[in-house]
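Q: What follows is the residue order along each chain.
There are 2 protein chains.
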Amino acid sequence: MQISRKNLDQRQDHIYDTIVVGGGAGGLSAGIYLQRYNLSSLIIDKGKARSYWMQELHNYLGLPPDTPGSELLKHGKDHYLSLNGDFLNGFVEDVVDEGDTFAVTTKVGRNNNSVYPVLRSKYIIVASGIIDQLPPLEDMQNVYEYAGYNLHVCMVCDGYEMTDKKCGFFAGSEASIEEMVFNLSWFTPYITIFTHGMFEINPQLRQQLEDHGYRIVETPIKQFLGENHQMTGVELTDGSVIELETGLISMGSKYHNDYLHRINLDYKGNNLITDKMGRTSHDRIFAIGDLKVGLNQVVVAAGDGALAATQIWRDIRNATPPRRWEENLFISEQLPVSSYQ
Amino acid sequence: MQISRKNLDQRQDHIYDTIVVGGGAGGLSAGIYLQRYNLSSLIIDKGKARSYWMQELHNYLGLPPDTPGSELLKHGKDHYLSLNGDFLNGFVEDVVDEGDTFAVTTKVGRNNNSVYPVLRSKYIIVASGIIDQLPPLEDMQNVYEYAGYNLHVCMVCDGYEMTDKKCGFFAGSEASIEEMVFNLSWFTPYITIFTHGMFEINPQLRQQLEDHGYRIVETPIKQFLGENHQMTGVELTDGSVIELETGLISMGSKYHNDYLHRINLDYKGNNLITDKMGRTSHDRIFAIGDLKVGLNQVVVAAGDGALAATQIWRDIRNATPPRRWEENLFISEQLPVSSYQ
Numbered sequence: 001m002q003i004s005r006k007n008l009d010q011r012q013d014h015i016y017d018t019i020v021v022g023g024g025a026g027g028l029s030a031g032i033y034l035q036r037y038n039l040s041s042l043i044i045d046k047g048k049a050r051s052y053w054m055q056e057l058h059n060y061l062g063l064p065p066d067t068p069g070s071e072l073l074k075h076g077k078d079h080y081l082s083l084n085g086d087f088l089n090g091f092v093e094d095v096v097d098e099g100d101t102f103a104v105t106t107k108v109g110r111n112n113n114s115v116y117p118v119l120r121s122k123y124i125i126v127a128s129g130i131i132d133q134l135p136p137l138e139d140m141q142n143v144y145e146y147a148g149y150n151l152h153v154c155m156v157c158d159g160y161e162m163t164d165k166k167c168g169f170f171a172g173s174e175a176s177i178e179e180m181v182f183n184l185s186w187f188t189p190y191i192t193i194f195t196h197g198m199f200e201i202n203p204q205l206r207q208q209l210e211d212h213g214y215r216i217v218e219t220p221i222k223q224f225l226g227e228n229h230q231m232t233g234v235e236l237t238d239g240s241v242i243e244l245e246t247g248l249i250s251m252g253s254k255y256h257n258d259y260l261h262r263i264n265l266d267y268k269g270n271n272l273i274t275d276k277m278g279r280t281s282h283d284r285i286f287a288i289g290d291l292k293v294g295l296n297q298v299v300v301a302a303g304d305g306a307l308a309a310t311q312i313w314r315d316i317r318n319a320t321p322p323r324r325w326e327e328n329l330f331i332s333e334q335l336p337v338s339s340y341q
Numbered sequence: 001m002q003i004s005r006k007n008l009d010q011r012q013d014h015i016y017d018t019i020v021v022g023g024g025a026g027g028l029s030a031g032i033y034l035q036r037y038n039l040s041s042l043i044i045d046k047g048k049a050r051s052y053w054m055q056e057l058h059n060y061l062g063l064p065p066d067t068p069g070s071e072l073l074k075h076g077k078d079h080y081l082s083l084n085g086d087f088l089n090g091f092v093e094d095v096v097d098e099g100d101t102f103a104v105t106t107k108v109g110r111n112n113n114s115v116y117p118v119l120r121s122k123y124i125i126v127a128s129g130i131i132d133q134l135p136p137l138e139d140m141q142n143v144y145e146y147a148g149y150n151l152h153v154c155m156v157c158d159g160y161e162m163t164d165k166k167c168g169f170f171a172g173s174e175a176s177i178e179e180m181v182f183n184l185s186w187f188t189p190y191i192t193i194f195t196h197g198m199f200e201i202n203p204q205l206r207q208q209l210e211d212h213g214y215r216i217v218e219t220p221i222k223q224f225l226g227e228n229h230q231m232t233g234v235e236l237t238d239g240s241v242i243e244l245e246t247g248l249i250s251m252g253s254k255y256h257n258d259y260l261h262r263i264n265l266d267y268k269g270n271n272l273i274t275d276k277m278g279r280t281s282h283d284r285i286f287a288i289g290d291l292k293v294g295l296n297q298v299v300v301a302a303g304d305g306a307l308a309a310t311q312i313w314r315d316i317r318n319a320t321p322p323r324r325w326e327e328n329l330f331i332s333e334q335l336p337v338s339s340y341q
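Residue numbers (our numbering), protein chains in the order written: chain A, 1 to 341; chain B, 1 to 341.
A few of these clues could be false.
Identical copies look the same in the list; a pair holds intra-copy or inter-copy alike.
Claimed, not checked - Computed cross-link-like contacts, DSSO-like style, restricted to lysine-lysine with a CA-CA straight-line distance of at most 30 Å:
| no. | residue 1 | residue 2 |
| --- | --- | --- |
| 1 | Lys276 | Lys254 |
| 2 | Lys122 | Lys165 |
| 3 | Lys165 | Lys77 |
Please keep in mind that the hints were generated in silico from the structure rather than gathered at the bench.
Model the full structure from these sequences, guided by the hints.
A: Right, dumping it as structure tokens:
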């Protein structure tokens, strides 16, 4: 059920089988599986998962290709609640490993009206994901106007929509140019790179980019231009205008994993290393979706959720003796004698 | 587009980037990703994937929990065709590794009216899955009447629906009893095991089962009883009747991989061993869904498809020089001078 400040007290003595940190695609899929394994679970969600911002999920099997990410999340939450899962809107601030349980301190409510309940579970699924850094303009509302429409943050998701279009590449570092621009040319070679004046490009890379005909713009951006959420170009701080038909933002990501700071886990870069079932280097902590090493895709995160929940079920089930048919309630009189041998 | 005998000739000189064998959840998800990577793909589908038989997909994030598997497959196929993927109804009989390409011999059309085109691709995704063996009754129509409704084939999928119900466990071997029955007791301890008289149970296992109060029925089954697709019990060949509320069939699976017989691949049991992206021990053959080692779940297969398609794209992309902005078509007059440095 939906947990709030009003019914929070009921849950503070309960030890959940699993607390899932994050109510995005991965966390919701995990929650659905956990509840269907007859395990008790709590999803703690800060709101606005990365997929919440996607205006159209083009590549999720089974959903029409214009389904907003927010609709997937809403359906998933309803599905989870229908299986009697607990869902709490809150921000996980701290996790302490107590041996058999974890103590999960969560901020519930806004700023000067917050409470900080401690919730407990045997397992944790880290599903709190990442969020993309956006170009730091004076008027951020101008960025939100187009981000998730034709100003994209994921080449794997939306490269197809950029095919042979005039594309702005909004870079956060030299490394993001090296990693992404030549791959982006698979979809479109009409690339203009914007550095926003935030970093230098070394002469060798600059030469390589020029050799491919890609443009480099180092003057900071004043604002995106367009209407009805369709970006048509950018205006620079010097007043000049560059026409574009689409854009890809690649300025790095914020990783939502501060709450794990006390726990020693194996990482590759910022991503948690897991086995095929999502188990991290800590036996009772699983990681799924964008926080683990792998491909950041909604359908992959949903699959990850199924895997992690299944492994937790196997762990708990294998530590529990099989149940016996104790009662005689169900013995059919017609059951043949041979069956009692 | 939908390929048939009529337009098959157009495709016989074409080398696809990837042929996907199997149009189930995994294959369709792979196809959607491949087309969105601007790669050319062909899905060859024999029809009636395992999920086609599922009356209700209870655990697929984003779909209402009463969605039939066939609806997911229909939506996925429409989605794939809308991206200009090629889809052929046929049965893959043979695959020959020609070095840079594979030659895929496919039976199209029924029996005495078949043709056997040879189609070619650089990569193959093995997504042809498995199908469950069903109890071999004289009247198989009687089995189909209930299979996929409350007579289940997958404990992970439908264990929840069996919770604390009188459950028939239809075993194919002693091993299936050892592997499954004690796990099934997680969901319900009211288990009656049916051997159909096909195999013996060793005394030690029999004792263990009896100690847990599970019933064993060794008389063969005559028929399932019930109405409106709801199985309510079985009638044995000796005329006795055993009441049940649900059932789980565990009689092994047919693996749809005969066409791989010429190719030396690494298996674990019957399942193909892959890396995290689905690559088998052959560089250009990927396996996804139920044929690979892993969890047989629709949402996992869909995630697998995204991973395999992405790795194939990376392979092909990395072997292709980045595209250059050759034309002057798109150069904006307003582009500031600094961008040409």
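Q: Now look at each hint and say whether the structure bears it out.
A: Results of checking the hints against the structure:
1. Taking the shortest alpha-carbon separations for Lys276 and Lys254, both the intra-copy value of 24 Å and the inter-copy value of 25 Å come in at or below 30 Å.
2. When the C-alpha separation of Lys122 and Lys165 is checked against a cutoff of 30 Å, the pair qualifies only between copies, where the shortest distance is 28 Å, while the shortest distance within a copy is 50 Å.
3. Taking the shortest Cα distances, Lys165 and Lys77 sit within 30 Å of each other only across copies (27 Å), while inside one copy they are farther apart (36 Å).
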